[in-house]
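All chains should be modelled from the sequences, with the hints used to inform the complete structure.
First to last, the sequence lines map onto chains Y and F. Just so you know, we're using this note's numbering here: the first sequence kicks off at 61 and counts up by one. Just so you know, we're using this note's numbering here: the second sequence kicks off at 36 and counts up by one.
Calculated from the structure, these hints are not laboratory results. Each hint should be verified, as a subset may be incorrect.
Stated by the list, open to error - Here are the simulated lysine to any residue pairs, SDA-like style, with alpha carbons at most 25 Å apart: (1) Y:364 / F:106; (2) Y:364 / F:98; (3) Y:364 / F:95; (4) Y:364 / F:94.
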Amino acid sequence: MSLELNKLTHQVEDLGKALADRATEFEQRLPAAKAVLDAIGTADDALRHKVVIAKNFRWAGAIPTEEPVNAAFSLPPHPPRVNVIAGDGSQIHPDRHGIALYYLINVGSIVFRHGLADAPVVRSQPQVFYEEADLYEEDGGLIPSAMIDVQRDIAELGELARLAGEEAKAAPTVALLDNGLLLYITLQTPNQRLIDESLRDYLAQLDRLKASGAAVAGVVDRPRAAGVIRLLRLAEMDEGEIGEDTLRSLGPFQHMSDGMLFNFLRPGERSALFLNASPANIDRYGPRGHAIYFFYLNAGRPGKDALLRIEVPEWIAHDKDKLDLVHAAIVEQCRVPDGFPYVLMRAHELAVVTMSERRDLDQMVVGAMIRRGLSPHISQKAQGKAWTGAEKRRFRK
Amino acid sequence: MTSIPIGRMLRSSTAGFTFGCSVPEPEVPTFGTFVKAPAQRGQAEVIGLIYDIVIEDDPFVRQMVAAPNLSEAYIEDQRQNRQVPVEVSVLAVGYQNGAGLGGHAIRPYTYALPPQPPITLDHIHQCADDEVRAFTERFDYFRLVLDSRDAPADELLAASLRRAAAARPPEARAVFLLNAGKELARLLAMDVVRLENLLRRFRP
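This is the structure in structure tokens:
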């Protein structure tokens with residue numbers, strides 16, 4: 061065993077104490093944050109003006125809508141017949157120490173026809189990429205992981221759009237994604253062409269979803285975002301104080317998250333809607349009619365809260381019927397697995413590539429190479445890791 | 036009679052094998068059923084008796100068991116779409132050489148462990164009535180069942196005899212079971228209590 065756990069005993073004890081201390085400290089600071097949220101209520105012109113100023117400094121907070129920011133909206137009735145579809149993706153990044161240079165994207169999807177006794181329709185669609193044009197950038201460098209991840213995100217949304225086109229004709233349909241709806245590619249690469257192409261393809265899939273008549277939502281479990289906390293900070297500032305430096309700090313709300321703030325939601329209730337003020341949303345999604353809004357939802361049950369962050373495009377946020385459908389469908393889907401949508405768990409199960417499956421795929425690649433006279437082998441470094449990373453045998457007397 | 040595949044081989048040894056199947060198979064296997072599996076590249080067929088059926092769970096299913104008002108769609112998803120790990124264990128009780136060589140006549144059986152076990156992913160079939168009748172014309176497989184350490188031997192033997200009797204015309208069943216009882220009386224002459232218990236399980 062390389063990791064000598066006995067040397068970590070004290071550190072782990074200290075870690076536990078630090079977490080407990082932090083939780084206590086957050087509890088002490090939370091009432092003040094909630095008081096600010098209550099004081100805002102329905103955002104007035106003064107706060108809206110502050111938001112306008114803050115946006116000039118690339119402020120990434122939450123923009124209030126017409127709904128009171130401290131409101132809790134009860135669970136709408138669930139229609140007797142709803143299609144809930146979900147997609148998820150996984151990937152194998154290229155390994156330059158591996159047998160061959162390739163990468164793989166696998167997209168799993170499920171169509172759950174609520175109200176019918178039919179077995180859901182499931183699908184798993186893998187694709188392997190190995191051509192030079194797939195693997196290398198124009199400057200000759202290997203494709204970055206962020207680009208593969210964004211290809212996966214586009215493939216997931218594309219699968220949802222394909223299914224929504226078929227299912228929404230039969231019944232009200234909700235398409236769920238196990239992630240937010242904002243691509244983070246804008247933060248992950250300075251390559252403007254890559255950003256443009258990725259957003260173009262992604263937004264095209266949102267166009268298809270909108271045209272299908274289905275509702276779409278991104279689901280984020282255990283959200284860490286602090287957009288609404290940033291709004292509280294902004295509300296507490298005078299207009300003259302607003303600037304890049306002052307906005308960067310959360311002041312008395314430092315390290316708090318929206319999830320802490322919305323712990324007053326009872327099972328089934330959602331928070332108010334907010335518009336995500338991130339520059340990518342305002343500059344890219346908004347002009348295409350897909351500005352991303354979000355709300356928090358307690359998808360748990362009495363005695364076991366489960367707070368989710370739900371992201372929806374503006375054509376859902378502005379359509380009360382579809383918004384209610386998303387709200388009701390997600391809560392219903394969370395009932396069986398106790399706090400997270402069933403269809404998303406299944407889509408993940410259909411998409412995930414396990415280590416043993418990856419080994420099997422490598423063996424298929426080895427076979428294909430040998431049949432063509434090649435001699436596949438992993439690098440000596442990778443071989444060494446395989447030898448030394450295995451469970452060590454213990455000395456026995 | 037065409038036999039329907041009821042599963043595929045998971046693991047095997049000469050003493051027996053385990054196959055996997057999903058719940059919605061048309062012929063759901065049951066305890067004591069005679070099954071056959073190819074061996075030696077189809078040159079032989081191993082005959083076995085199902086002695087254990089295990090339906091595995093996983094954390095996902097455990098979570099769902101506790102969920103109130105589980106609708107049909109969830110149940111059908113778990114049963115039809117997820118890999119339903121129904122594992123069926125079989126005790127080898129004999130084999131038939133030349134099974135894959137064609138011809139209509141049922142070839143003679145050997146009432147001993149097969150020379151080779153079936154191979155992973157081979158199809159497992161339920162034996163047709165005529166095959167059950169032919170195999171149980173002789174009772175030489177009794178010893179393999181009675182000596183089994185893995186299977187509940189007495190229950191399994193009784194179940195197999197009930198099935199073998201049911202595969203015969205009604206007028207032949209009593210005679211068949213009587214002859215089977217006589218053979219058991221010979222084999223278990225030194226263990227009268229066990230013999231009595233066993234006979235009670237399949238008497239007509």
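Hints and how they fare:
1. Only pairs whose Cα atoms come within 25 Å are accepted, and residue 364 of chain Y paired with residue 106 of chain F is accepted, the gap being roughly 22 Å.
2. Of the pairs offered as hints, the one joining residue 364 of chain Y and residue 98 of chain F holds, with about 14 Å between alpha carbons and a cut-off of 25 Å not exceeded.
3. Straight-line distance between C-alpha atoms of residue 364 of chain Y and residue 95 of chain F comes to about 18 Å, which keeps the hinted pair within the 25 Å bound.
4. Taking the CA atoms of residue 364 of chain Y and residue 94 of chain F, the gap is about 19 Å. The hint holds against a cut of 25 Å.
Going through the hint list in order, the structure satisfies each hint without exception.
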